[in-house]
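*Asks:* Chains A and B are the protein sequences, given in the same order. Just so you know, we're using this note's numbering here: the first sequence kicks off at 1 and counts up by one. Just so you know, we're using this note's numbering here: the second sequence kicks off at 1 and counts up by one.
These are calculated hints, taken from the structure and not from any lab test. There could be a bad hint or two in this list.
When the alpha-carbon atoms are kept at most 30 Å apart in a straight line, the in silico DSSO-like pairs for lysine-lysine are as follows [as the list claims (entries may be wrong)]:
id: 1; chain 1: A; residue 1: K84; chain 2: A; residue 2: K290
id: 2; chain 1: A; residue 1: K290; chain 2: A; residue 2: K373
id: 3; chain 1: B; residue 1: K315; chain 2: B; residue 2: K263
id: 4; chain 1: B; residue 1: K378; chain 2: B; residue 2: K263
id: 5; chain 1: B; residue 1: K315; chain 2: A; residue 2: K401
id: 6; chain 1: B; residue 1: K263; chain 2: A; residue 2: K401
Just so you know, these numbers come straight off a predicted model, no measurement behind them.
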Amino acid sequence: MRRIGVDVGGTNTDAVLIEEGKVVRVVKAPTSEDVTTGILESLAKLGETGVLKEASGALKRIDGVMIGTTHFINAVVQRRHLTKVAALRLGLPASASLPPFCDWPEDLAALVRGGVWMVEGGHEYDGRPFMPLDEAEVTRAAREMQAAGLKSVGISSIFSPLDPSHERRAAELIAAEIPDASITCSSDLGRIGLLERENAGLLNAALADLARETIAAFERAIRDSGIAAPLFITQNDGTVAEASQARRLPVYSFASGATNSMRGAAYLSGLQDAMVIDVGGTTTDVGQLKHGFPREANSVVKVGGVRTLFRMPDLLSIGLGGGSHVSLDPLKVGPVSVGYRLLRDGIAFGGKQLTTTDIAIASGVLELGDRAKVAHLGAVTCQRVFDESARLAEEAVDSMKTEAGDVTLIAVGGGAFLVPEKMTGVSRVVHVEHGDCANAVGAAIAQVSGECDQIFRDLTRVDAIAAAQAIANDRAVAAGAARATLTTIESEDMPLAYMPGNSVRVRVRVVGDVAESWC
Amino acid sequence: MRGSFVSEAVPGYIDALQERSKRMALREITLDDIESLAVGAWVLGTGGGGSPYLGLLNMRQLYAEGYRVELMAVDDLLDDDWVAAVSNMGAPLVGQERLTDSRTIARAVDLMERHTGYRFRGIMALEIGGGNAIQPLMAAAHLKRPVIDADMMGRAYPEAQMTSVAVGDLVPYPLTTVDVRGLESVVDKVPTWKWMERVSRKICVEYGSIASTCKAPRSGAEVKKWAIHGTTTKSIAIGHAVREAQHRHEDPIAAILSVEPGKVLYRGKVVDVERRATEGFLRGRTRFDGMDDWRGAAMELAFQNEWIVAWLDGKPIAMSPDLICVLDSVSGEAVGTETIRYGQRVTVIALPPPPVFLTPKGLQHVGPRAFAYDIDFKSVFSA
């Protein structure tokens, strides 16, 4: 297996080549405003090192280029490059007083809301139809969308994660009227909770044009680098989607950066269950690895002010990093940071702002910049700053623990020097080689996942979980995983009050390696 | 007296009405009040009652369309006024897909008026805890009647007989249930509150495990004697305190205790959650490890939809009808029994129960034995 992982961070775009489980080379290029240039540059740098060529001079076979990008979330947060969307909800007469977009921030709604149509349809919690799908109304809505010039459509339906048939049929009817429509069905985005699932679908539809252009640009960048390998985009949950699926479901790539660094930490340390502390330039993220994957947040996640139920890692971010401002009297570290201006504003680099990196240089922990410029910082002063940073890190680690007892902590990121070898509540601190590029490594090793979140009736708990697992397995295979490599990494069941017949909601997530046929 | 249906027939009614309009000041409920109500009602939900979020969204929509709701104090009711008591019944999960429609609850009230011939003076909540706190506001907006500042639980409870009016042995019928598709049912007569619970639950399941209901109408006299007064205002005050504290980055739990005579029972971290569904209830236990002053002390909470009993190091220290509220230690917002999870940092507080539940009859309905815990009730607040 030979893969290139690329992570587009706030400051640097890192690229890493992994061969047969080993990190061969890591390069960094500055992140460009258009993102793509930075990716091109990092791939070019990797090529310049010669690692992509055989001894004979021929290009090596690369199995995949896995890119972690912030393109899509930035578009939503910055309200740029968004497409107007037609929202179609199946479920009348229910839910009519809370139409699509009803809980969106007004500025974003104004950009995205192309029109709202609600028609009869949807299902009950037990799979009975709630109302028959009003096909004539769907077609009428499609004609109105066509007339309004809308080509991006988000379809939602009541209880569609249980039975997606109404959404699928409506998509067919719309495609018949608008052949070049980009259609997102909310059931493809899983999870029970109509408003949040619908919101995710509408955001996805709003990113349709951007996703098409971005993925095409990435593919061009890979081709222009002379690399013949398929493109994969890393997703929020530490897995990848092949390019065509990422083009169809860009919202799944929203928060992949933090996930990649945790996955990379697991890979570089060989540990599957541990806490991870990722110290960047401005912030420190703390999360927990379970079976090599980050534990997910279980609740509503707001993206650009919109409520969604995305699969996102459960992270605690604090304002501590390699660029954090330091003041000595009274002692304060962070949360303000010089960020990407570290090499200009830090004292060791001729600037005026004392940072944690200056302290590390003064105490000999880092060899960077001009040590003479920070020679006035004595050992006692440096220790006070390190102690304060350690205190902040300890507090963050403690808040993210899910059980009492000491944990193993993997320290990664460019600012990992702030994490001491001994910490309260931590049995062992693990620093790893290439830890500053853990996110690109995480991208390179990403797997493929499948999920099922559904209500089962009249099954024993064991049978219900098995049924959910089968569905999740099929979805993972459909997304490009090799069936033989699938393992269950999450299984959660919740009995449902007020429902008859032993109803139980089961959520199962499986992952596997990318199947050979995709490589 | 259930026969007379036009209050106008009562001698002196017009005089009383005029007298009332002189002293009575209906207070307009602002949208900001409703935002606070949603937060406060979730706290009073004591772990259950469902999230008020969708109800709040409905109210935002209604206020944006120009609808307004007024609040009326219980004392301003006439004895022979009729009051509708409303609630949404069903599985919170279904409510996340079939979203609350503000008009449905108004139809349940309308059906009750058609069935009984009464004209309701105002609308009150059955249950101030959780999402049901917003239901009367939605009905009131559409029907242009005031919300009566009271409910029948002072919190959330899982069953129909766990109300102040059931403690008072008031008649449990009739009851209307409607569904958004136009299904309408009336339960005209049942012998007991428990029967009402059983029959209405069956109807609800057939509807798809969600229904809007209007409970047995209550006379003004009954509301004055048996309802729990002032709970809408109380809920708004709690929510306001939490939101203000969040805004100022102050301790929201201290803020709650500054408006309510409650007690902090424990601060800790969730270490285990065990849930099971039996007889249509979500039952289970949550275990915590202590923090701050409670380091080394273990708490265990049992729930049946709502938090029922709290044990500290194996000793029961709080139980229904005392309100046990589990709050996020940082945000001050309530944590529900359906969503509480591993690792959450929480503060457990107790709030005093409505006096009606502290009588021997009240304890029969909602004391620990009503939930099958063989413990003698002792209030956190009696010491």
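*Asks:* Which of the listed hints are not met by the structure?
*Replies:* 1 and 2
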